[in-house]
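A.B. asks: The primary structure of each chain is shown beneath.
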Amino acid sequence: MPRLLSFAILLATWWIASLLTGEAKLPSPPTVLAAMIVEAKSGALFLNLGATLARVALAFTLAMTLGVVIGYLMGRVRLADRLGDPWLILLLNLPALVVIVLAYIWAGLTEVAAIAAIAINKLPNAVVTLREGTRALDAALDEMATAFALPRWRAFRHVVLPQLAPYIAAAARSGLSLVWKIVLVAELLGRPNGVGFEIGTAFQLFDIPLLLAYSLSFAAVVLVIETLLVQPFEQRLSRWRPRAA
Amino acid sequence: MRLEVDITGKIFRNAAGEQHDVIAGVAFALDAGEVGVFVGPSGCGKSTMIRILAGLDHDFRGRVLRPAGARIGIVFQEPRLLPWRSVEENVRLVAPLADDKKLSALFEILELSAHRNHFPGELSLGLARRVALARAFAVEPDFLILDEPLASLDDALAARLREQIATLVDGRSVMTLLVTHDVEDAVRLGDRLFLLSPRPARLLAELAIPTPRRLRRDAEIAAIKSDVMRRINGDLTGRDG
Ligand SMILES: Nc1ncnc2c1ncn2[C@@H]1O[C@H](COP(=O)(O)OP(=O)(O)OP(=O)(O)O)[C@@H](O)[C@H]1O
Ligand SMILES: [Mg+2]
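Chains as they are written, first to last, in the numbering used here: chain R, 1 to 245; chain X, 1 to 241.
No wet-lab data here; the hints were simulated from the structure.
Mixed in with the good hints there might be a few duds.
[What the hints assert, rightly or not] Restraint ranges, calculated between C-beta atoms of paired labels, are given here: (1) X:GLY126 / R:THR61: 43 to 51 Å; (2) R:ARG152 / X:HIS181: 34 to 42 Å; (3) X:GLU89 / R:SER177: 29 to 37 Å; (4) R:TRP106 / X:GLY55: 48 to 56 Å; (5) R:TRP240 / X:GLY126: 16 to 24 Å; (6) R:TRP240 / X:ALA27: 41 to 49 Å; (7) R:GLU132 / X:ALA15: 15 to 23 Å; (8) R:PHE233 / X:ASP6: 49 to 57 Å; (9) X:ARG214 / R:PHE233: 50 to 58 Å; (10) R:ARG239 / X:GLY33: 40 to 48 Å; (11) X:SER124 / R:ALA54: 50 to 58 Å; (12) R:ARG152 / X:GLY33: 28 to 36 Å; (13) R:THR61 / X:SER124: 37 to 45 Å.
[Unchecked claim] Reference listing, derived: stretches of chain X covered by chain R, where coverage requires no fewer than 3 residues with Cβ under 8 Å from a Cβ of chain R: (14) 49 to 55; (15) 65 to 74; (16) 77 to 83.
A virtual CB, placed ideally from N, CA and C, is assigned to each residue, including glycine.
Produce the complete structure using the sequences and hints provided.
C.D. replies: Here it is in structure tokens:
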């Protein structure tokens, strides 16, 4: 209910603002909805959303997988930490734009370049979070697993992974929001489709209803994925924790 | 199956970089079917020694010969349960092959049957300790290590668990090491008592109790107890003087 209310307030604010500033600068909700319907009918909306989502999924999976593995290694193995740390600091502070442009220059205006650039932008965050999580692992439980001679995989699955789960969830959550932001830039700069490309086109034509139609559709998709996928997943992970009063 | 221990030194370096000796010299041997008991003042290095004997700490001087391939069942001083697994899952994790009947019987004896599906966060410390005991028994160990397993249990339950430990130890030929502050526990359960000095731990005396556990009479137990007390306190006065 409160969600619906906050949505209604947003809509009302938008409508009033559009009445005050005029349709040309800020189109009213019905105008944007009309633009959305046109795009939906032609199929372009779903095609572009689909292309963007596919890039997000690929880049996110790639970055999370690598991030968990590298972060865990850096947390456990001193040498890996020493070797990886300078790279990590470099990547953490490298602007997304630089990575994207360089990727397009070196790998061409290709899908691989786009996905790699997005993944590289997210990777250092995942690594840092997982390294932190690995350093916080309970040595007492490790000893327990060793004393009872738990096989490696069993110990990892039941002793280590549950301790890393909140860190993985945190990395996924912050990483996903980062990917949502970067994917559009990557598309704007070097892809012939996707939400970012359409927004770029709308910007050049100064077609504000189209621009808002894509932005809002994209935001809606993000919201749905966050509430239907990410949040239930996080709740499942913390099932064993005593509920906060 | 036999455990041979000759630890000549163990040093801890604290955060400030200072070194201190924790174990000065402890040598003994233990055969299958025997219960060795460490009795010593708090902080003397008992848990440290247990970690060495369990193969968790290799940074010490001396040598420990453990029977190859011996299955270890251990109760740490703190329960060390996985908070994200239920009581039963915690036990089954280390003993995936344990059959349901035996496990049920074990839970029954430790009065845990009602708690099988609880998470450790929902247990009292005494209950959590019993789960740790169940876990150590469930693996049917060749080498059982118990670091103050009966602390924070009421007298009646402690007595029953002592019985249970005795039954397990006598039933299979298992080597057992027990750490306790309670001389009563030590004398009722132990075959060999190892009296330790304050830190750094030295073996003050080794007392063998030849009478089998089941046949020890109260009078004999009282006599050994007072002997142990005398030796422990004798050391204290010796140190003061
Ligand atoms: N990781 C460590 N780093 C530095 N010092 C340690 C460490 N672990 C234990 N010590 C020190 O070693 C000594 C022995 O500790 P230990 O836990 O073995 O004692 P204990 O005999 O088991 O005591 P208690 O009966 O209270 O459990 C203590 O003085 C403790 O401060
Ligand atoms: Mg101790």
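A.B. asks: If a hint holds in the structure, say so; if it doesn't, say that too.
C.D. replies: Here is what the structure says about each hint:
1. X:GLY126 / R:THR61: 43 to 51 Å: 46 Å, holds
2. R:ARG152 / X:HIS181: 34 to 42 Å: 36 Å, holds
3. X:GLU89 / R:SER177: 29 to 37 Å: 34 Å, holds
4. R:TRP106 / X:GLY55: 48 to 56 Å: Given a distance of about 51 Å, which is inside 48 to 56 Å, the answer is holds.
5. R:TRP240 / X:GLY126: 16 to 24 Å: Once the Cβ atoms are compared, 21 Å apart, the range 16 to 24 Å for X:GLY126 and R:TRP240 holds.
6. R:TRP240 / X:ALA27: 41 to 49 Å: Taking Cβ atoms as reference, R:TRP240 and X:ALA27 lie about 44 Å apart, which means the hint holds.
7. R:GLU132 / X:ALA15: 15 to 23 Å: 21 Å, holds
8. R:PHE233 / X:ASP6: 49 to 57 Å: Cβ of R:PHE233 to Cβ of X:ASP6: about 53 Å, so the range 49 to 57 Å holds.
9. X:ARG214 / R:PHE233: 50 to 58 Å: 56 Å, holds
10. R:ARG239 / X:GLY33: 40 to 48 Å: For X:GLY33 against R:ARG239, whose Cβ atoms are near 44 Å apart, the range 40 to 48 Å holds.
11. X:SER124 / R:ALA54: 50 to 58 Å: Distance hint for X:SER124, R:ALA54 holds at roughly 52 Å.
12. R:ARG152 / X:GLY33: 28 to 36 Å: About 32 Å separates the Cβ atoms of R:ARG152 and X:GLY33, which means 28 to 36 Å holds.
13. R:THR61 / X:SER124: 37 to 45 Å: At roughly 43 Å between Cβ atoms, X:SER124 and R:THR61 fall inside 37 to 45 Å, so the hint holds.
14. 49 to 55: With 3 residues closer than 8 Å to chain R, the stretch 49 to 55 of chain X meets the three-residue bar; holds.
15. 65 to 74: holds (count 4)
16. 77 to 83: holds (count 4)
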